[in-house]
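Number of protein chains: 2
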Amino acid sequence: MRITEIRENTASISSSIRNAYISFSRMTISVVAVITDVVRGGRPVVGYGFCSNGRYAQGGILRERFIPRVLETPPRDLLDEAHDNLDPFRIWDSFMADEKPGGHGDRAVAAGALDMAVWDAVAKLAEQPLWRLLAERYNGGRHDERVLVYPGGGYYYPGKGLEQLQDEMRGYRDQGYQVVKMKIGGAALEEDLQRIEAVLGIVGSGRALAVDANGRFDLGTALAYGEAMREFELFWYEEPADPLDYLLHATLAEHYPHSLATGENLFSRQDLVNLLRHGGLRPDRDWLQLDPALSYGLTEYLRVIGSVEDHGWSRRRLIPHGGHQLALNVAAGLQTGGSESYPGVFQPYGGFADDIAVEEGYTRPHDTPGIGVERRAKMYAELRRLTET
Amino acid sequence: MRITEIRENTASISSSIRNAYISFSRMTISVVAVITDVVRGGRPVVGYGFCSNGRYAQGGILRERFIPRVLETPPRDLLDEAHDNLDPFRIWDSFMADEKPGGHGDRAVAAGALDMAVWDAVAKLAEQPLWRLLAERYNGGRHDERVLVYPGGGYYYPGKGLEQLQDEMRGYRDQGYQVVKMKIGGAALEEDLQRIEAVLGIVGSGRALAVDANGRFDLGTALAYGEAMREFELFWYEEPADPLDYLLHATLAEHYPHSLATGENLFSRQDLVNLLRHGGLRPDRDWLQLDPALSYGLTEYLRVIGSVEDHGWSRRRLIPHGGHQLALNVAAGLQTGGSESYPGVFQPYGGFADDIAVEEGYTRPHDTPGIGVERRAKMYAELRRLTET
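As given, the protein sequences belong to chains A and B, one line each in that order.
For reference, each letter of the first sequence is one residue, going 78 to 466 in the numbering used here.
For reference, each letter of the second sequence is one residue, going 78 to 466 in the numbering used here.
So that you can see chain A by itself, here it is in the shape it has in the complex:
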């Protein structure tokens, strides 16, 4: 058994939306196919992966560093002990060879796409849905039958007023979501408070609404928003400021009594450990959003879960950014807290299986081998192009 080829390409997930920090009008991702020499049903087993949104495609790093290193490694050194499947940890070590420590950014995103494709192949070769393979290998066979999901939405776009925002949120509720999320920080505080109150008019309670500042605020603004939003007792107040400014988060947590959430722009286990050590977050209420498809993949995320528990936190406080099927598999198979979801944006890569509904704020895992990309028709059609030429 061996990897015969690894292909990558850049896909557009352009969306005419803004958060408080960036426009997504030119957003791209990398898509990856890991092709094996194992043939099932007349076709080679192929693992597919892609990086999550927000940090752009990473074709340069994949083509120039990661893919050649994997393909130059003797194939048997990439197999597990029994030599009956690929070993994601050995493959991870092979593509990270001769990479210096620190500097966890675009490299972590490239690794996220490649590592996802590897795990999709591994689960397909094992003829198991990834979540079940994870449950059996790393979670004593336990798994969750349903996974908490919430739509990442409420973006700013030209001409969007309070009514459109309310319509959007009503739509999410109609689709079965309970907790919804909206952006803040792209307007003045007074206008954002009007937007929040408009959405509360739809969802009824702050316990069903999360807000996301996308790292925009300085300490004074973060505190001012916190004070103004305090009465709403929101589900969470996300990424108030620079994700690496741990001291700011510790100060905010001293003043804002309700849930904070951050981590989508931390890209390694070590960065998350720094947040736990220095960020003053509270294990009984705050949320950690590190996204495995941006931060060295599931392979690193398994180490993340270990470190989170070493620091006395429950893995239930982990709800990844990104709204992709990898996060859903992780949540179901490793019993973390849930996953973001993108029913409306970053298509066709946002969302889960076409034929599995969201009910009362939860969705269920799929039953096909791998991550489940074949259960998402438009996305799978795009991914398939990698292996059709």
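In case anyone wonders, no lab produced these hints; they're calculated from the structure.
Please note: incorrect hints may appear among the correct ones.
One copy or any two copies: either way a pair holds, since identical chains are not told apart in the list.
[Unchecked claim] No more than 30 angstroms apart at the CA atoms, straight line, and that leaves these computed lysine-lysine pairs for DSS-like: (1) K455 <-> K177; (2) K237 <-> K177; (3) K237 <-> K455.
Given chain A, work out where chain B should sit, using these hints.
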């Protein structure tokens, strides 16, 4: 006045050397040319830049994100107030548009190469050596006539024994260097101690020797090396462990009484601020090695100097990694602590002007407009290829 074109290419700086963490056998860098429409002596004014070693070329990020954003910005928005030169801060803002916060890695390296080329162009357009322009704009006209430099050497390579190591160090002393540096952590402690003692036999005192573990050690090993090396009173003990493990550094600083140095694998102002806040380093003896050609360029480094001083440190504690002419200009014009130098490796990009010697451990700044790439013949011949086709 406008930028007419920005070109980039990948250059090999392959060296058959190892540190404790990686091999440099396939190391590459990005080289960049910023071409203006200003003609001097019959040729357009061109700024040249390159990223520092250790983190690979970043052509993907430059081609797909940074260069298009600069070229799509209305040219007058990239000029300074007087409209008589390019404005590096506005150009920096243009290429960092729609980039999320956090994740400072390869993106910072790409920015380092592009930003260096911009500053080279700015100094050439101002008809000043960059160090003098920096002194006048940002340092009240003060500058240093000589700059502390030390050779980054003492690498591991196959067949290199103690005699070759001693010969290498003797060579640096013959070239005029006083303080020399050698790698540790690529061998067992006992062997490394023999290597250190062999070099001390050449340089005479630990005050003339720095050692560099390149982030290899865990806490126990870092402490053990510190204890074993304590009697030597070394010039510094560099990058003992993961550069982002601030708590480890704080613990080590409690036990190791002499100078520590780190920062070459921190790539932003915020990461360095975290080191100052949480890393337990001591402003009277420790060294900060953030490399502007890896960490968003001189534009970010000016902010770094501000933050270092805001935290009560002297800018003299800043000695960048990288051994490139940008660091020499920064040290001379902004009166920081000095610069690494590569008389032997990473050619032709290691080293300063061909015709300016090192004397008693110091070198002098050049007197040609720009960063001084024209004063380094082999490097300039490679850079020139960017604009000759």
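Verification of the supplied hints:
For a Cα distance limit of 30 angstroms, the shortest separation of K455 from K177 across copies, 27 angstroms, qualifies, whereas the shortest one inside one copy, 38 angstroms, does not. Taking the closest pair of Cα atoms, K237 and K177 come within 30 angstroms of each other only across two copies (23 angstroms); inside a single copy the shortest separation is 45 angstroms, beyond that limit. Taking the shortest Cα distances, K237 and K455 sit within 30 angstroms of each other inside one copy (27 angstroms), while across copies they are farther apart (57 angstroms).
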